[in-house]
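**Q** Start from chain A and add chains B and C according to the hints.
Residue numbers (the working numbering), protein chains in the order written: chain A, 0 to 318; chain B, 6 to 667; chain C, 265 to 411.
Keep in mind that the hints are not guaranteed to be accurate.
Mimicking EDC-like on lysine to aspartate or glutamate, the simulated pairs with C-alpha atoms at most 20 Å apart in a straight line are [as the list claims (entries may be wrong)]:
hint: 1; chain 1: B; residue 1: LYS405; chain 2: A; residue 2: GLU307
hint: 2; chain 1: A; residue 1: LYS64; chain 2: B; residue 2: ASP382
hint: 3; chain 1: A; residue 1: LYS219; chain 2: B; residue 2: ASP345
hint: 4; chain 1: A; residue 1: LYS219; chain 2: B; residue 2: GLU115
hint: 5; chain 1: A; residue 1: LYS219; chain 2: B; residue 2: GLU118
hint: 6; chain 1: A; residue 1: LYS94; chain 2: B; residue 2: GLU621
hint: 7; chain 1: C; residue 1: LYS326; chain 2: B; residue 2: ASP438
hint: 8; chain 1: A; residue 1: LYS64; chain 2: B; residue 2: ASP611
hint: 9; chain 1: C; residue 1: LYS274; chain 2: B; residue 2: GLU115
hint: 10; chain 1: C; residue 1: LYS326; chain 2: B; residue 2: ASP616
hint: 11; chain 1: C; residue 1: LYS274; chain 2: B; residue 2: ASP663
hint: 12; chain 1: B; residue 1: LYS511; chain 2: A; residue 2: ASP303
hint: 13; chain 1: A; residue 1: LYS64; chain 2: B; residue 2: GLU118
hint: 14; chain 1: A; residue 1: LYS197; chain 2: C; residue 2: GLU367
hint: 15; chain 1: A; residue 1: LYS219; chain 2: B; residue 2: ASP616
hint: 16; chain 1: B; residue 1: LYS426; chain 2: B; residue 2: ASP399
hint: 17; chain 1: A; residue 1: LYS64; chain 2: B; residue 2: GLU115
hint: 18; chain 1: A; residue 1: LYS191; chain 2: C; residue 2: GLU367
hint: 19; chain 1: A; residue 1: LYS64; chain 2: B; residue 2: GLU456
hint: 20; chain 1: A; residue 1: LYS64; chain 2: B; residue 2: GLU621
hint: 21; chain 1: A; residue 1: LYS112; chain 2: A; residue 2: GLU93
Which stretches of chain B does chain A cover? Using the computed rule of at least three CB atoms under 8 Å from a CB of chain A, they are [to be verified]:
hint: 22; stretch: 535 to 547
hint: 23; stretch: 563 to 573
hint: 24; stretch: 637 to 646
By construction, these hints were calculated from the structure, which means they are not laboratory data.
All C-beta atoms, glycine included, are put in the ideal place defined by N, C-alpha and C.
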Amino acid sequence: MQELVKRASELLADGSVARVLGWKAGDLPYNPEPAYFENEEQLRSFVYNGFCGANLSKYMIEASKLEGKTLVFLKPCDTYSFNQLMKEYRVDREKAWIIGVGCRGKLDIEAVKRSGIKGIESISEEDGELKIKTLYGDHSISYAEAMLERCHSCKGKEHRVYDELIGESEETNDSERFAGVTEIEAMSPEEKFAYFQKELSKCIRCNACRNVCPACSCRKCVFDSNKFDSAQKANTDSFEEKMFHIIRAFHVAGRCTDCGECSRVCPEGIPLHLFNRKFMKDIDELYGEFRAGEDAETKGPLTDFTFEDAEPGVVAERG
Amino acid sequence: MQRIGVFVCHCGSNISATVDVEKVAQMSLLEPGVVHAEDYQYMCSEAGQARITEAVKEKKLTGIVVCSCSPRMHETTFRNAAERAGINPYMVEIANIREHCSWIHKNIEEGTEKAIILARAAIAKVTLNAPLKPGESRVTKRALVIGGGIAGIQTALDIAEAGYEVDIVEKTPSIGGRMSQLDKTFPTLDCSACILTPKMVEASAHDKINIYTYSEVDQVSGFVGDFTVDIRKKARSINMDKCTGCGVCSEKCPSKKISSEFNRGLGKRSAVYTPFAQAIPNVPVIDRENCIKFKTGKCGICEKVCQAGAVDYTQEDEIITEKYGAIVVATGFDTIKLDDFDEYAYNQSKDVITSLELERVMNAAGPTKGHLERLSDGKAPKNMVFIQCVGSRDVTCRGKVYCSKICCMYTAKHAMLIRDKYPDVNVTVFYIDVRTPGKNFDEFYRRAVEEYGVNYVKGQVGKVAPQANGQLLVQAVDLLDNKQILMEADMVVLATAIEPEAGVRKIATMLTASIDTNNFLTEAHPKLRPVESPTAGVFLSGVCQGPKDIPETVAQAGSAAVKAIGLLAKEKLMTNPCTAKSDELLCNGCSTCANVCPYGAITYEDREVNDHGIREVRRIAVVNNALCQGCGACTVTCPSGAMDLQGFSNRQIIAEVDAICR
Amino acid sequence: MSITAKTEFKPKIVAFCCNWCSYAGADLAGSSRLSYPADVKIIRVPCSCRVNPMFVLRAFEKGADGVILCGCHPGDCHYSTGNYYTRRRMTLLFSMLDYIGVEQGRTRVEWVSAAEGVKFSTTMNEFVEKIHSLGENVRLGDLRCRN
Numbered sequence: 000m001q002e003l004v005k006r007a008s009e010l011l012a013d014g015s016v017a018r019v020l021g022w023k024a025g026d027l028p029y030n031p032e033p034a035y036f037e038n039e040e041q042l043r044s045f046v047y048n049g050f051c052g053a054n055l056s057k058y059m060i061e062a063s064k065l066e067g068k069t070l071v072f073l074k075p076c077d078t079y080s081f082n083q084l085m086k087e088y089r090v091d092r093e094k095a096w097i098i099g100v101g102c103r104g105k106l107d108i109e110a111v112k113r114s115g116i117k118g119i120e121s122i123s124e125e126d127g128e129l130k131i132k133t134l135y136g137d138h139s140i141s142y143a144e145a146m147l148e149r150c151h152s153c154k155g156k157e158h159r160v161y162d163e164l165i166g167e168s169e170e171t172n173d174s175e176r177f178a179g180v181t182e183i184e185a186m187s188p189e190e191k192f193a194y195f196q197k198e199l200s201k202c203i204r205c206n207a208c209r210n211v212c213p214a215c216s217c218r219k220c221v222f223d224s225n226k227f228d229s230a231q232k233a234n235t236d237s238f239e240e241k242m243f244h245i246i247r248a249f250h251v252a253g254r255c256t257d258c259g260e261c262s263r264v265c266p267e268g269i270p271l272h273l274f275n276r277k278f279m280k281d282i283d284e285l286y287g288e289f290r291a292g293e294d295a296e297t298k299g300p301l302t303d304f305t306f307e308d309a310e311p312g313v314v315a316e317r318g
Numbered sequence: 006m007q008r009i010g011v012f013v014c015h016c017g018s019n020i021s022a023t024v025d026v027e028k029v030a031q032m033s034l035l036e037p038g039v040v041h042a043e044d045y046q047y048m049c050s051e052a053g054q055a056r057i058t059e060a061v062k063e064k065k066l067t068g069i070v071v072c073s074c075s076p077r078m079h080e081t082t083f084r085n086a087a088e089r090a091g092i093n094p095y096m097v098e099i100a101n102i103r104e105h106c107s108w109i110h111k112n113i114e115e116g117t118e119k120a121i122i123l124a125r126a127a128i129a130k131v132t133l134n135a136p137l138k139p140g141e142s143r144v145t146k147r148a149l150v151i152g153g154g155i156a157g158i159q160t161a162l163d164i165a166e167a168g169y170e171v172d173i174v175e176k177t178p179s180i181g182g183r184m185s186q187l188d189k190t191f192p193t194l195d196c197s198a199c200i201l202t203p204k205m206v207e208a209s210a211h212d213k214i215n216i217y218t219y220s221e222v223d224q225v226s227g228f229v230g231d232f233t234v235d236i237r238k239k240a241r242s243i244n245m246d247k248c249t250g251c252g253v254c255s256e257k258c259p260s261k262k263i264s265s266e267f268n269r270g271l272g273k274r275s276a277v278y279t280p281f282a283q284a285i286p287n288v289p290v291i292d293r294e295n296c297i298k299f300k301t302g303k304c305g306i307c308e309k310v311c312q313a314g315a316v317d318y319t320q321e322d323e324i325i326t327e328k329y330g331a332i333v334v335a336t337g338f339d340t341i342k343l344d345d346f347d348e349y350a351y352n353q354s355k356d357v358i359t360s361l362e363l364e365r366v367m368n369a370a371g372p373t374k375g376h377l378e379r380l381s382d383g384k385a386p387k388n389m390v391f392i393q394c395v396g397s398r399d400v401t402c403r404g405k406v407y408c409s410k411i412c413c414m415y416t417a418k419h420a421m422l423i424r425d426k427y428p429d430v431n432v433t434v435f436y437i438d439v440r441t442p443g444k445n446f447d448e449f450y451r452r453a454v455e456e457y458g459v460n461y462v463k464g465q466v467g468k469v470a471p472q473a474n475g476q477l478l479v480q481a482v483d484l485l486d487n488k489q490i491l492m493e494a495d496m497v498v499l500a501t502a503i504e505p506e507a508g509v510r511k512i513a514t515m516l517t518a519s520i521d522t523n524n525f526l527t528e529a530h531p532k533l534r535p536v537e538s539p540t541a542g543v544f545l546s547g548v549c550q551g552p553k554d555i556p557e558t559v560a561q562a563g564s565a566a567v568k569a570i571g572l573l574a575k576e577k578l579m580t581n582p583c584t585a586k587s588d589e590l591l592c593n594g595c596s597t598c599a600n601v602c603p604y605g606a607i608t609y610e611d612r613e614v615n616d617h618g619i620r621e622v623r624r625i626a627v628v629n630n631a632l633c634q635g636c637g638a639c640t641v642t643c644p645s646g647a648m649d650l651q652g653f654s655n656r657q658i659i660a661e662v663d664a665i666c667r
Numbered sequence: 265m266s267i268t269a270k271t272e273f274k275p276k277i278v279a280f281c282c283n284w285c286s287y288a289g290a291d292l293a294g295s296s297r298l299s300y301p302a303d304v305k306i307i308r309v310p311c312s313c314r315v316n317p318m319f320v321l322r323a324f325e326k327g328a329d330g331v332i333l334c335g336c337h338p339g340d341c342h343y344s345t346g347n348y349y350t351r352r353r354m355t356l357l358f359s360m361l362d363y364i365g366v367e368q369g370r371t372r373v374e375w376v377s378a379a380e381g382v383k384f385s386t387t388m389n390e391f392v393e394k395i396h397s398l399g400e401n402v403r404l405g406d407l408r409c410r411n
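Same shape as in the complex, but just chain A:
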C-alpha cells in the first residue's frame, strides 16, 4: 500500500496527474470507499486492503470529463470493465493513468459474518489467514473462506490495460464459474420460479446494483425516462417493479464483465450475478466463448451474428 501512496504522490507532485482515484478508509475496518485524492495530505487516508473490492472503472466516466489526467488504481478484473467502457466510448484512455494493482482476491464481510463472527473491531491479514479482533475476543478465518463470491471464479491475474503495475496478483479461481447457473437450470420450472420469486421479492429497488454497475452506466436509465412508459413510480405493481432485474440483465448482456459488483453491493443479498452469468453461459455455449472487456475492440455478441446461429427454439430443444 505504501508503494501505491508513494507513486501517487510522485505523479501528483510532478503534475503527471491532476488527481488520484483510489479507496479511503471508512468508518469501519471493513468498509473502505472509493475516493478522489488531490494532494499528499488527502492521500493519508488512502487504503488498499482486502476489502477494497470496489471497481473504480465506472468512476472514470466522470473523471474523463475533468481537466487533466486521473490516476486510477485497477485490479486485474477491474480492467475488463475499463476496456468495455473504452469500447463504448464512455471513458477516455488519454485521461487515465492506470496503475494495475496486485490482487489476491477481495473479501466479503458478509462471508465473515456468516461464520458467526460479530462485533468486529479490527481485521488484519497474515499468511492466508484473517485475524479478527472482536468485542468478544479474537478469531481467525481462512482468507479464501472470506472471499467474495466473484473471486472464487477469478478471471486471472493479468491486467488487460494499464500504464504501470505495482504489486503481485494471484489467481484465486477455485470453483466452476457457472456452477450456480447450472444448479438452477437443473430445477423444474416450478422450483426455478419459486427460487427467483423468493429472491426477487427481497428487492427494495434501492438501485445500488444499477448505480455500482460499470455496464449499467446510461446517462439516464430507461426506468427513469418516459421512453417506454416504464417509469410509473406511483404504481406499486408496475412493469418496472417486476421486470427490472431481467431487463437490467438483458441490457448488460454481452457487455457485463462479470465483475460481481451488483451482488457485492446488494443490501438484500440477492445473487444478481446469477442473471448475468446465465446470459454469459448461453453466449459462450451458443456463440462461442466471449469475455466482455478482454479487449476494447471485439464486437459484442449481441451486436454480431453468424448465418448459422442457433434458432430460439434451441431453448426448448436442449430441455
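**A** Structure of chains B and C alone, referenced to chain A:
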C-alpha cells in the same frame, strides 16, 4: 389531446359478414380521444374517402384510424385522403380487420370482439403518432460503375445513352474483363473479341463516359443520390496524354519473364505492358514490382526508347474525389483456387488446366497462338478429358455449394470446337448433370453429342494421376453403366467453379451493400428487385450478383442501368420519414447502435448539449435520414432508449401491446 | 351454461410480425381464408429486429399468455441483417425466461415469408394450442409477490 376519428369499412360484405362493423364503431367511441366513429360500405371508394375528409373538417380531427383491409393495400390511399383533408398523412393508422380478422373467423361474436381489440390497439397507437415529414435529398446526376467488364461496359453505355455522365473504375490496366479472355462464345460460336471490342471502343469514345483504368475505389461515403467516392488512380508510370501506344517500351523492356495475368499465367509479359492487343486504353503500365528500374534504380530503357517522352517514373497514386447519384457494382468473377483439389493434379501437371486457361490456349492471340497442344511438351493431344463441376455443387467445404451455371455450356462449346478443328481428338466429358436451360442451349449441347461425337459420361472423376510416360491416368466411375473407368488422357480440362472477384467484400462493406456467404451481392428482392441492392442507390450488374452467362449479364447490365437512370432522372428524392432518431439527452454515445446498423446511417458527433442546465460536450449518435431505412435494429440495441423509431416508437408499440392485453 | 362459458380459458396472444414477410404472410393466410383462433392479435413492426425484449416482457406483465415473433427467414431480411440480431436477442431472452421458470412454450419465434400463408396459419394454430395446454400465464404477473 388528440381528436381521433374511427372509420370502419364493410368492404362490401368481406368484413361485415363476420364482423359487426356498427358495434366496432360504437365501441371505438368509448376509447379515450375518439370523437367520431362511423362505418361505411367502402371506405376506400371516393365517397368513403370524402366521408373521412368531411369528418376531419367538421370534427377537427387530428388523428385517423381506418378499420379496413391490410395497410399493405390501402395505407397510402388513406394517408393521401388525410393529407387532402389537411392533416399530416402519418397521423393515420390502419386496423387490419379483413385479412387478419373477418376473413379467417367464422363466428361473428368472435370476429367482432377481435376487431374491437384491433381497433383499440390502432387508436392507442395513433394517440401517440406525431406528424412526420419526408425529407428531401438532392440527386447528383452522375453514375459510377465499378468494374469494366462486359457488365460494367454495357451498364455505362446504357446510362450514357440516356444522357448522364458515367465513370467506370476498372482495377486492371484495361477494360474488357473476363470476356476479353474468351475465345468463342456459346451458343453461337462467334468470336468473343469480335463482339466485345466494338463495345469497348464505343465506351471509350463516348463523350459521357469517363474510364479510370488501373484504378480502385478507395472510400465511399454519402447515400442514395449523393455518394462521395474516392477513386485511387494507381501510378501507371506512363503519361496517358503523351503515350501513343506504339508498344516500343514493352518490346525493349529487358524484364520479360513475368507471368501474364491476361493469359492466366500460361504466357509471359514484360514489366511495362498492355495486357492484350486491343486493350483500352492502349497505354501500358509499368509493373513496379517487376521493373528493374524500380527494383534497382538501374535500367531506364523504356524511358530512353519512348519517343513521346511518356515514361514517368515519378508518378504517384492519385486520389480523385467525385460525387455520384447512383453506383453500379459490376465486379465480376474469377475461377476458384484449386489448391484443395489435389486429386485432379492441377498443381502437379501442366497438362491439367482450367477451362479459362483452355480459352487462352485456343485463342489465336494466346500462348500457343491458338494451337491445341500440351503445355508440358507441345505435343498435340489425342485424348482429352473434361471434368465438370470442379468445386461447384460441392458440399465438402473445399468448393462452392452453388452451381456455377456457365460450365455445362462452355464445356459443350470447347468439346465441339476441338472436335471440329481436330476431328482425330477423342473428347470425353465427365458430368454430374448436364444443365442447359436457355435459348438454343440444349440444341447446342445435343449437337456436341450427336453431330460432333463428344463422349459424355455421367459420373465423377476420383483421381487424375500423372504417369511417368507423361500421360494422365483418369480414374472415374460411370454411374449409368455402374462401372469403374480407367483411361489415359493427354490433357485434362477442369470446369472450375467461379466465385465473385476477390475484393468485392471490401467494396460491399464500403457501400454497406449486403453480401451473402458466397460473396455474391444480395439483391433487394430475389424476384421483384433483382438488380437493386437493399442499399438504396446501389445496383448490381453481372456475376457479382450470381453466376451468369454473357447474354444474362448484358440483360442485367441493362436493367441495372435503367434503375440507375430512373434514379438520376429525379430532381429530388423523398426519404422515408419513419427513421430512427436519437434523443441527445439520453444518448450515451456508446456506438452500439452504429454496430448493428446495416446502412451505416449512424455517425457520432461531439455536440454541446444542455441537459437540464448542465452544458457539456457529448458524443451523440446522429441518424442520417437519407440513409436510414427504418428497420429499428438500433432502437433495441440501445440500452438507454435514446434511439427510437419514428412511426414505430417504443411508446407506440407498448401502447398497442397494452391495448391488446387489456 | 354461463358458468362454463365464463371459466373457459381465452388466451391473450400477441404476435409481432415484420412488415415485409410475416405480416404479408398473415395477409396471405387471410386472403386464402386459412383460419386460426381469434386469440391471436398481430402487431405490425418494420422488422423483427424492432421487437425489444421489453415489449415481450411488457406483454406478459400485462397479462398475455403467449408471445410469438415472426420475421423473414434468415438471409431474406428486407433490411438484410435484422433477423439475425432478432435471433440472438430472442434466443437469450427465451432462455432467460425459461431460467426463471416461465414455461418454454409461451414464447416462440417463427420465420414466415410473404408466400407462406399456410405456414402462418399452421404456426398460429399450433401456438394457440400450446398456450391452451399451458393454461393461463400467472408467473410473470407475480414474479415479485412475497410467498
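**Q** What hint numbers does the structure not satisfy?
**A** 2, 3, 4, 5, 7, 10, 13, 16, 17, 19, 21, 22, 23
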